[in-house]
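Asks: Given chain P's structure and the hints, the job is docking chain Y onto it.
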Amino acid sequence: MRPVRVYYNKVGKLKYISHLDINRVMLRMIRKAHINVWFTEGFNQHPYINFALPLSLGFESTSEAVDMRINDDMTDDEILKRLSEVAPEGMKITSVCEPVKKFSEIAFADFAITIRGDLSDKLNEFLAKPEILVDKKTKKGGVKQIDLKEKIVKYNVSKANGNTRLDITLPAGTQENINPNLILNAFCDDLSVESIIRTTIYDSEMKIFA
Amino acid sequence: MELSDILLKVQKPARYIGGEQGAVIKDKSKVDVRFAFCFADSYEVGMSHLGMKILYSVANSLDWAWCERVFAPWEDMETEMRKNNIPLYALESGDKLSDFDIIGFTVPYEMCYTNILNCLDLGGVPVHAKERNGLKNLVIAGGPCTCNPEPLVDFVDLFLLGEGEELLPELLELYREHKKLGSDKQTFLKSAAKLEGVYVPSLYTVSYNGDGTVAEITPADGAPKTIRKRIIADLDKCHYPDNFVVPYLDIVHDRAVEEIYRGCIRGCRFCQAGYIYRPVREKSAEVANQQAKCLCENTGYDDLSLLSLSTSDYSQIDELLAKMLPWTEKQKIGLQLPSLRIDNFTDELLEKVASVRKSGLTFAPEAGTQRLRDAINKNVTEQNVLDTCKVAFEGGYSAVKLYFMMGLPTETMEDIAGIADLAQKVIDLYYSLENRPKGKGVTVSISCATFIPKPFTPFQFEPQNDFNQIEEKQKHLRDCIKSRKISVSLHNAGTSLIEAVLARGDRRVGEVIYTAWKKGCKFDGWDEYFDFEKWKEAFNECGVTPDFYAYRKREYDEIMPWEHIDLGISKKFLARQDQLAHKSISTPNCRQKCAGCGATVFGEGICCETC
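In order, the protein sequences belong to chains P and Y.
Here the first sequence stands for residues 1 to 210, where the numbers follow this note's numbering.
Here the second sequence stands for residues 1001 to 1611, where the numbers follow this note's numbering.
Derived by calculation from the structure, the hints in this document are not laboratory data.
Be aware that a few hints might be false.
Claimed, not checked - Okay, the calculated beta carbon distance ranges per label pair:
1) S1447/Y to I49/P: 33 to 41 Å
2) D67/P to G1094/Y: 41 to 49 Å
3) D67/P to V1024/Y: 31 to 39 Å
As the list claims (entries may be wrong) - Below are the DSS-like pairs computed for lysine-lysine, each with C-alpha atoms no more than 30 Å apart in a straight line:
4) K13/P to K1026/Y
5) K13/P to K1030/Y
6) K81/P to K1293/Y
7) K1293/Y to K92/P
To be verified - Chain Y regions said to be covered by chain P (calculated; three or more residues, Cβ under 8 Å):
8) 1005 to 1011
9) 1240 to 1252
These figures come from a predicted structure and were not determined experimentally.
No residue lacks a Cβ here, since even glycine has one placed at the ideal position from N, Cα and C.
Just chain Y, with the same shape it has in the complex:
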C-alpha cells in the first residue's frame, strides 16, 4: 500500500503530511547538508516545543543546509508503516531518515529515550552508534536531559551541550567541510570534539569501582577533560524565529510564543531547569515586543504566550505588558502569562491576564509546610498562597489547582498532612469571602508528583523514596483530606522510578534502554503505553538494579556519571545547598544576593549585574 492509502486508515493523518504554512522547502540538490531534526514524541507534543522551532529557524537560515522535521508516529501509524515497509520520513521532503547527513534529537524528558531508538529503527538507521560507520547518518542530541548524556552514549555520536543557536550552525559548518573533504566519521568526531560545547562520548572511557560507582572518566585523542556548555551572551541579538510552522492540527500549545528570558533567579533545590539554564539573561522588553508582534502577524495566531521559567520574575514585565496590551487588545489576541509566582502575583497582573480570556489558575506551592518549603528553597509562604487565592476568588475564579511534590528530601508525614491542610485553608478562605463568585462552589485540585532527584540540582545526591514510602504517604494524604471539594491526582510510581534511573544513570543503563525498547517499550511518558513489567524484565536481563541509581544516597565526593559535563554549576555549591536543605535554611534569590553557584564563569547576565 502507498502512503496516501495508509493515511486514510490512521487517526489524525494531518500529523504525517507536512505542508504546513511556515514549513521550509528547499531544493535538496542545492544544499550541502541535510539535517533531520527529530522530536521523539507525537507530532502534537513536538510541534509545541519552542527549542525545536528556534533551531529549525536557525539551521534553515543557512542557505547550504536544509533542516526538516521528524516526529514519532503514533502506534496505529507505526503498525501500518512497518506492515507496508514505509520507513520513517521527514515531513518537508518525505525522504526517509537514512537519507539524511545528520539526524538530531532534542531530548526534553527522560521518558522519550526508547522513542529515540524506535525513530532511528523506523527510519532504517542502526540504533547503535558503533554500527553506523560512515559520516552519513551522524546522530546528534541536545536539550535538557543531555546534561547527563551517559545513558544515551550507546546510541548518539555526539551531544551539543547548552544553547544551540550558535553551536548548531558551527557544527553544521564543520560537517559540511568534512563532507567535502570526504573525511571518515572518526576524523570528523575528533575534530568536532574541539568545538566548545560538543561532547563526543566515544572519546571517553569510564571505569567503575567495586561498589558500582564511577571510578574515573578518561578522555582520549585530545578531547577535553570537561566539556562546558554553550550559552548565548545577548538574547536581544540572538536569532529568534519570525515565523513558526503553523500546524493544521490542534497541538498541545497552539499559539505564538515569545521567550522573555533564560535561567531562573530562584534556585528551588529540586528544579533542574533552575540550575542548568543559568545564568539568568533577559531579553529587553522592546525586542520581545517587536518579535512577538512579528510572530503574531506572520502566523495568524490569536493567542500569544510569554515563555520563561517564571514570568513574574522578569524585571521588565510591567514595561513589556504596557507595550503589548494595546495591540493585543486591539487585535483581540489572547495574552497568556504562564508560570506566575504566588509571591509576586498582583491584582494588576491578574487583571491584565484576565482582560481577554479567563482561564483556570494553577499554583505550585510544591510542599505542604513552611519547614519543607524552606528546605526545598521554594520561597513562598502559606500567606502568599492564601493572598493570591483571595485575589483570584474576588476576581471571579472558583477553581484552583495546586501542585505539590511527594517524597522530597527531609519530608515527614507532618509535611504530607500539610498539603491537605493548605487545600482546606483555601476552601475555608473561599467561603469566608463575602464577594466570592455568586452561586458557585469552590474546587481545589491537588496534583502530587513523586519527587525525582535530577543531576545538577542540590538533590542530585539524595535518594528517591521507594514504592512503600510513596504508597504510605499517598495513603496518609488521602486520609487527611476531609472535604469533597478537594480532588487529588497522583503520579504513577513505576514511571517515577524509571525516570529517576534514566536521569541519574551511567553508561550501563544504555543496555537497559535498548532491551526495554526491544521488548516493545515506547511512548513511556504516556500512561497508556508505559509498561513497568517490561522495564523490570529489562533491568533483570541486563543485571542492572534500578535501586542503585534511584534509592541510593550519593556521597558528596562520589564521582557522578556526568562529572565531565560542566554547566558552570559547581558541585561544591550543590553540596552546600543540599546541606542547607537538611537544616531547612533557604537561600536568597540571585537578584537579592549571589549564592556563588559558579555561573559567573560565563560572565553574562545577572551574574555581572550583582557581583
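Looking at chain P on its own, in the form it has when it is part of the complex:
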C-alpha cells in the first residue's frame, strides 16, 4: 500500500458542484478506472480518500488535490491516465505523485477574481483603506468582528477587457480560512462576479504546496 496524491482542476460547470458531491464523483471515478484503493476497515467499509481543502460552491480551481492509498503497484502515470479517461467535463487531472507535506500544512491560497465592469479605481481605493472590518460567523455559530485588511497577504488590481481583475492571497486551511467573498461583499453587496478561481495553495512559509 502506498499513498498517492492526485492534483486536478475543477472548472466550468463543475463550479456548481459542492465539495461533498465532488467526493462522490471521485469515488465513482476510482471505481470506473479500476484503481485498487485501500478501504477503511470499520463497520461501514469505504474507500479512503482525503481532500486537501474544501472549495466553496461557485469557485473554480486549478489547485485541487486529493489523497488516496493504492493497494497494488500501479504507477502514477497509469493512475493519471485512467482517472483522466473517466473524469467529468470540467475536471482535468494535472498530476499524480507521492505526497510530501500534510494537508494540514496548507496555510495560504491565491485567488484570481474577475468582476464585471471596470471598478479598478474604486477597488484599489477600498483595498488601500487602513482597516476593513467585517462580521464573520464563527464555527460555534456566533459572530465576531475581524479586520480583513490585516489578513490580506498581498493583492493586485488590474483591468482586463473592460472588467476588473483582482489577484489576492489569503489565509486558507484548517488554522485560518478567509473566503474572498467576504472581501467582495464588504466592497459592494451586489457585485457582478464573473469568476473566482483558486489558483495556487501554499504552506506557512509561502512555498507552493506539494
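Replies: Leaving out everything else, chain Y in the frame of chain P:
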C-alpha cells in the same frame, strides 16, 4: 440576470446544469425529432425514476431523435426564472421547452398534476391542449396514473398506455413522418390513434347522467372504442439501459437499479401496481446479472438494487443472488433487495442482504387483524410478521418499521386496535429473545397511510373514509398504544382526499386542477407546499364536489370514467374480488391458481405457464 448568475443564488444549483456523466448530447441540427422528457417533480425525485432512465435510453438509441430531460425547478429557482424571464429548459441542450417537437410527461403519482401545468407554463407552452394548434409542442403522457387519464385530458394531446419501450419509438417514428409531410396536428392525432396503446382524448366525447355519473364514452374519427395497453413480451430481449445519467447531487435513489420482473403475483386488493402491470413476466437470472454488472461498470456506482414489486417472489432469486454475490462482494458493491415479503423472507436471504451493509427493516402487514388482511388479500399472518422479526432481531436488528393502511373497506375499530396489538407483540417478542442485540432497546415505528381507492383495483368501487372517520380511527389507534417504544406517523387527510379525487376523477376534474394551479398549487405531494384551502376553493369555484369522487360507493355496473381504457383486467373480475373482500375471503396468488383477471389476453408470462 443571466442563468449563470442565478445559479449561485439558488439552493443546489447542480439540479439545473446538466452535464452529468451518461447524459446524451447530440447535434440538434442533425436530428429529426426533439423530445423533452419531463418529470414534474424535483430533480432528485425524477432522477431516481427507473422508467425515465429506460425510456431516455430507448429514445436516444434512435439516431434521428434526441431525448432530453426536464425537471420541475424548486420554488427558489422558479422565482428567479420568472423574475428574469428564463423559460424552463432541458438539461442537455439548455433549450427552452417550447423549442421541442414533443413534450412528454411520465406521471407516477397524482399529486404531481399541478406541476405538469406549471412545467408547461414555465416552458412557454400553453397548458391547454386546445390552445396548442400546431404539430410542434405535442404534449404526451404515460406512466401508472394515466391508467385513468381523464383528469388530464384538457392538457395532454395523447397518452401512451402501458409499457413504452416499443410504443414510444413507434410514436416518434410516426411523428417524424408527419413532420416531414408537414401534417397538421389533427391529421397526426388521428393517425396516432391507430397505434395500439395510444389514446387521443380529443377523439372521444363523454356524456353524463343526471346523477353525475358517466353515461357514455363515444369515439369519433375511427378511434377504437377501447384502447388496450401495450406490454413487452420478453423482458430478456427488451431494451435495458447499459448506463445511467449519473447525477452529481445525492438523489433519492442514487444507485444502479436492475429490474428483475414486471407485474405481481399477489393481487393485494388495494394495490394498483399489483393489477396494472400484469401479466407477471420475469427477466432471466442470466440476463439480469449481466445487465446489472454492466451498469455498475459503466456508472461507477457502489450500490446496486434489484427492482420489482416483490423481490422475494422472483422465482429465480436464489440463482440470481448466487450469480451476483461473488462479484458484488469482491468489488464491495452493496446489494439491496427492497420489497421483501414477510411470508418468504428467510434467514438465508437476510444474511445475504446484510453481508455488505446493514440497513433498517421495513415490513408492510397493511392491516392489524387477520380478518382484514384476508379481506384485502394481503396473505401474510401475524406469525409471519413475528417469525421475520425474530430472524431480524437475532440477526442484530433492533428497529423495525411497520406499514399499515387506515380506512380500508370493511375496517372496524377492532382492526385499528389490531395495529397497536401487533406492534406490542413485536416489542414483547424482542424482550423474550435471549440472544437479542445486547444493550439495545427496541423501536417499532408504525406508519399509517390513509387508504385511497384506485382505478383498476377491486376497491375502485369503494368509498374512501371521510375526515371524521379517519380522525376517529387515528385517535383510537393512539389510545390503543401503550408503549413508548412504539412511534406512529400518520398521513395528511387533506392530501389523501385530493389524491382520491384525482385518481378516480373524470374530465370535469381537469378544470379543478387548472384552477388550483392558477391559485398557486404546486408540489402537492410535498407536505410543506400542499395547500388544502386552495384546493377547496378550486372545487367550489368549479362547482365540483370532491365527495362525489372520493366518498361515494360506486355500483358494479356504473360506467367508470376510465371504462374505455383496457389494461387486460376485466371489470367483472374486479367486482368479484370486491365481493370476496366483503366476505373476508382471500384469493390464491397467480402462481398457485389463476384467478381469471383477464390478463391472459396478452398471452405472455405467468398466464401461459399456469393456464
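Asks: Each hint: holds or not?
Replies: Hints, one by one, checked against the model:
no., hint, verdict
1, S1447/Y to I49/P: 33 to 41 Å, "37 Å, holds"
2, D67/P to G1094/Y: 41 to 49 Å, "36 Å, violated"
3, D67/P to V1024/Y: 31 to 39 Å, "34 Å, holds"
4, K13/P to K1026/Y, "19 Å, holds"
5, K13/P to K1030/Y, "25 Å, holds"
6, K81/P to K1293/Y, "24 Å, holds"
7, K1293/Y to K92/P, "28 Å, holds"
8, 1005 to 1011, "holds (count 3)"
9, 1240 to 1252, "holds (count 4)"
Against the hints set out earlier in the document, a violation occurs for number 2 only.
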